[in-house]
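K.L.:
If you want the building blocks of each chain, they are given just below.
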Amino acid sequence: MTTPQNKSNKKTSSVEMAVLAILAVVFLVVSLLAQFIVKDADGHYYFTTGADLRGSLGVILAAGLTLVMYSFLYRDNALFKIAENLYVGVALGYMVITITWREALRPEVYDKFFNAPTWGAFREALLYRSVPVILGVLLITRLSRKHGWISRYSYALIIGYGAGVGIPLTTHSFILKQLYAGVAPLQDAIVGKTSPALFSWPWFADVAYPVFLTALVVVGTVAVLFYFFYSIEHKRTGRTFSQVGIFFLMVSFGASFGYTVMGRVSLLIGRVQFLLYEWLKIPK
Amino acid sequence: MSFFKRLTLPLLIVFGIGLLGFAQEFVPHPIAHDFTEAMTTCFKIMGGFAMILGIYSLTHLHVTRIRQQGPGWGYSMFVFLGAGVMIVLGVWNDGVGPLREVSEGKTYFDWGYDYIYVPCQATIFSILAFFMASAAFRTFRARNVAAAMLLIAAVVVMFGRVPVSETVGRWFGTPDVFTNATDFLMNGPNLAAKRGIILGVSLGGLAQSLRILLGIERSYLGGQD
Amino acid sequence: MSSLPLQPRRIDLSRWVIYGLVCLAVLLPYVIYVEMPFTPSKEAKGLYDQLEALKKGDHVLLAFDFDPASQAELRPMGRALLLHCFRKGVIPVVMTFWPNGLNMDKEIIEKTAPEAGKMWSREFKNGRDYVFLGFRPGDTSFILLMGENLKTAFDKDYYQNPTQKLPGLTDVNTLKDMKLVVDLAAGATVQAWIAWGSDRFGFPLGAGTTAVSAPDMYPFLQSRQVVGLLGGLRGAADYEVLLNVNGDGRLGMQAQSFTHLLLVGLILFANVVVFIRWIRGGKD
Amino acid sequence: MRIPLHRARGMTLAWFLACCGVLLAGGADASAAPAKVHPPKSFEVIDLPSDDGSAVLVVWTCPDNDVKGVQYAVEVAKSEADFASGGFKTQVVPLSSEVLASSKPECFGRSVENKRRYFAEISPAELFPPPDRPKLTPVRLNELAKTRVITAGELARALSVLQSTSPEAKLSAAEKAARKWYEDFAAYMETKGREAQEEQKAAINRATYYYRLAVLDGERKIYVERDGKPAIVSGAARPNFFKWGKLNNLLFSLAFCAIVFAFIEVAKRKPGLFIRKIAGLDAVDEAIGRSTEMNRPVFFVHGGSSAMGDLATIASVNILARVARKTAEHDTRIRVMNNDPIVTVVSQEVVQQAYTMAGRPDAYNPDDVALVASEQFSYVAAVSGAMVREQPGAIFLLGSFFAESLLLAETGASTGAIQIAGTDQYTQLPFFITTCDYTLIGEELYAASAYLSREPRQLGSLRGQDVGKAFLMVAIVVIVVVMTAAVAWKLDFSWLRDLLQPL
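Protein chains in written order, with the working numbering: chain A, 1 to 284; chain B, 1 to 225; chain C, 1 to 284; chain D, 1 to 503.
Source of the hints: derived by calculation from the structure; they are not laboratory data. Remember, it's a predicted structure, so these values are computed and weren't measured experimentally. This list has only true hints and no planted wrong ones.
Stretches of chain A that chain D covers, calculated by requiring three or more beta carbons in the stretch to come under 8 Å of a beta carbon on chain D: (1) 180-192; (2) 223-233.
The calculated BS3-like cross-link candidates involving lysine-lysine, where the alpha carbons are at most 30 Å apart (straight line), are: (3) B:K106 x C:K111; (4) C:K151 x D:K192; (5) D:K176 x B:K106; (6) B:K106 x C:K156; (7) D:K176 x C:K125; (8) C:K165 x B:K106; (9) D:K201 x C:K151; (10) C:K151 x D:K176; (11) A:K146 x B:K5; (12) C:K165 x D:K146.
Here are a few chain A residues that sit away from chain B, every Cβ distance over 10 Å (derived from the structure): (13) A21; (14) S31; (15) I37; (16) D40; (17) Y45; (18) W119; (19) E124; (20) A197; (21) D206; (22) P283.
A virtual CB, placed ideally from N, CA and C, is assigned to each residue, including glycine.
Excised from the complex, chain A in its bound form (with noise of 0.2 Å):
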């Protein structure tokens, strides 16, 4: 049995630390021709650092932050824990700086109130945006736990506005409007259509397959229904029917299973091609 995540209490071994050099320095040589050592018209080669150095040297950290996050793969490792939760703090030094200052409070309390184009402007954000940029602070009382009682009245509100909206709302996209699209009469399947003779191939592909459809969604999204009704008991008949909404159900999951793997292998292939297209610099 050897799953990657059972040797991960182990010590690493000086062999791994041996191989782990050797796989450094090959790494680092490739990463050094593929990005500096450029061929010329005449077919020689020669070294340059290129318009881009620090491009060149991003794209070989980047391609090293690959592997590292292969390493996996073969076991939880240090590497990894450092890539891991050296990417989990960019992200959060990315989201202090940028997106809470650039795209939040700059635009919405800076600009409005100490960088006001006229008195008047400014005078219209003390009446209109004060009340949220309270709201807005008081949200922050949460981290206390003396204060943080305040915060409720901000929580109130946004969470309320979101609940009644929501109300109408959903029931208007995800319960109407998918029913009114559920209960079509089966011909609606077939209306523009001209019918061709009983029996024949065109009958079955453009009459009887598209009504065979609309009928096998009605059955099955009643029968997913009912396979989620927990007031009666499903026996006998109602057993059945239940066990139809599983199969439903069944090969929904599988089709979600696929493009699951479809999705995960896509990832990998994106990888792939950074790695071969922008570290190795292989043409296109």
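Starting from the structure of chain A, add chains B, C and D where the hints point.
P.N.:
Coordinates of chains B, C and D only, in the frame set by chain A:
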């Protein structure tokens, strides 16, 4: 003061503002538009402060770990290293000065984002491709009829959604047979089940909203009164 | 779920072999090129047609609601959609609800605009031919604000230019003035755009999602709450084919095919082996 | 639920009939003869219902059956005298299905007459627009200063920027800053101007206007007449207070809320409200029993993104209470793992309480309920490591999971433990179903929690939701069957479906 500390007033606000929000969806009068604009502008401004809260909860966890020196606390130092470097780069801002615009080109701050954050985050979920392959062989089993249906559907979709299915189909003279099979699964059973789930989950959401409005659900307000 | 009839026994094949096979499947197409033509899906065609029907000078809102974790899937979509807008002379207006992707979104736009300029030998100017609004907090209720008044929602764009003065936004006051909104979502933002946006303000909504959430979109496709869907990297590749440009989506399709073949093979092989053992009444 | 299956045969028949119907319905495309046009007898001007007061509707019933290519003209004037003096505006309305009253059920309802009635939506502010926004010239700036919209200092600053003509490259830093300021200033004034203009438009829309209606015969206008003269009707738009198209939404929302609320109240009084058994819950006892027999610990793993406010986390804590109670009774070790500090504290309380209730408070070890890691993959590594080391007999994976689900479930399966999983993250369910022995699918997790905790809030809303589901199921089956039959027999039952149409 103790009256304000109680939950009574916040719950009344929840109910009142919720009712107004509910009504606003049914009222076409300009007053309703003005109300919506005022409320949403208010939330936009408050959202900026809420982000500070989010940052705090991220740091808090790691601060606690370092302070208590629990297992692997050393790694939490790297969180602050990363954050510190980014903040310094952001404040230095390529010499232009803190928080000012750099009009052209990439700054070192962008560099940190592009070459540390992006590769790490983009890689971490791609690792799962390997684990999926391994699990595909070792653990994804048709344990019962239901799981068997799941796996069959998965295999059809996985095959039908890549170009190779058309190539293989062409060998048999019907290039779109696998695509059609996938389309059937997606637009038939998948659609039905997803619609059932949407309807069910939406009813749950409505019930949850109602519980919030009526003050039956109040955990989000924090504290036990 | 009923009790299990067969306790699966594990078949031991070193995970290293499997990892190696995955590596091989992903890398092989970059070594040996295999031609694999494919027809774009109906869902992608739906979105393409919607955008193709727009006139020069119309506005399209592109919401880039993803972060680097799913850039492999959604970035090619973003690029393809931008290219399509540029080709049609439609003005793309880009914004995001995911602050962590903001810098990346900026890069996508700033790389694609000159690329499109080269392709169609025109200059695409920021603020006139495309607009990047950036990020604002407020989550779903922010969509309501954009529907009431877009220029209150974003009084300045990402580059700190007042939106009131942007030539690219002259006739735009609310979301209703958008001829199409496309949400590229790594999370559940499409649902938010449906309920709080398109159903309420009545603009057509297209979706580009990661493969993981693509199957969830089908009920909305059928009810026409979503006019078109790009699902995962395949969706991006479909769009590139429709647009007749090259991109990471199409480049990745061979690798995607091989890896899927491998995974399908592994699942089938392992299950058949277990099944045969079970039929033989093995000691499982 | 036998009825829909039973009716299947009838539906097949109906569907065949429908196919024939489609076949017959084609081909009836009468060629349009150039008919002589007649004006309608009268017309009316009404406020556009369910809007914010920005338009009126001019409505008339078309006298001719064939309206192909016919155009109408609506003339709008500020006073009756303006018609004589020519100070009126004309809006031409080509008749099409888009201006048919039946295309706007939210305004006209769904009566049969609407298939003959036409309307023109007139927004007076578009015909009589307010004056253009004044440009920011020195004159205008002076005006603004006089009306105290801007201060004297701002006036001077703006004028200096307007009058400076030096090119961008030669500007001093102060001048550049001034230009930047002026840009913001101009944008602000623009916003103000727009707001003022919107107000003017609203005022224009709400004033009373006079209308005439004519049918166009080539160049000639044939007016709708009253007493031998072109009829003049007045009307004004006004803002309304209810969107009638959303009546079904309002009724559904209110009814559903009332039902949920009622059942919560019922559940408070009668905690024995019936909920069917959830199959996965029987397995809980079985799994713990097996762990005890094999003398192995039980693992309870919270989702990697569980936060205490989530429904899924609340549900999994409720299930944890039951699991801990059983392990306490069986004297089996339980380990609870998670990565959220608040969930840790709550779990500790729950487990401790369970041990106390089982009469063995001394057997509770707080270290067994631990926060094992913070980041997603570190969490995976830590939990998987523990699984492999300690070889648990049963593993519970409950809560809100993301990508970690696959890795945790796979490692768990490799240890040979009985695995019971449950999450409301539908994208992760496939992995649980293929690797775990029992899976609580989505809402089943909440139902299981309600079943165990018997809490009135959960029980009541679950029952309320069931009523909602029953309504939806019945509505789908009945409407599809009735509509399909109706189309097959050429009856008009579309109103039944239209009741549900969200507008």
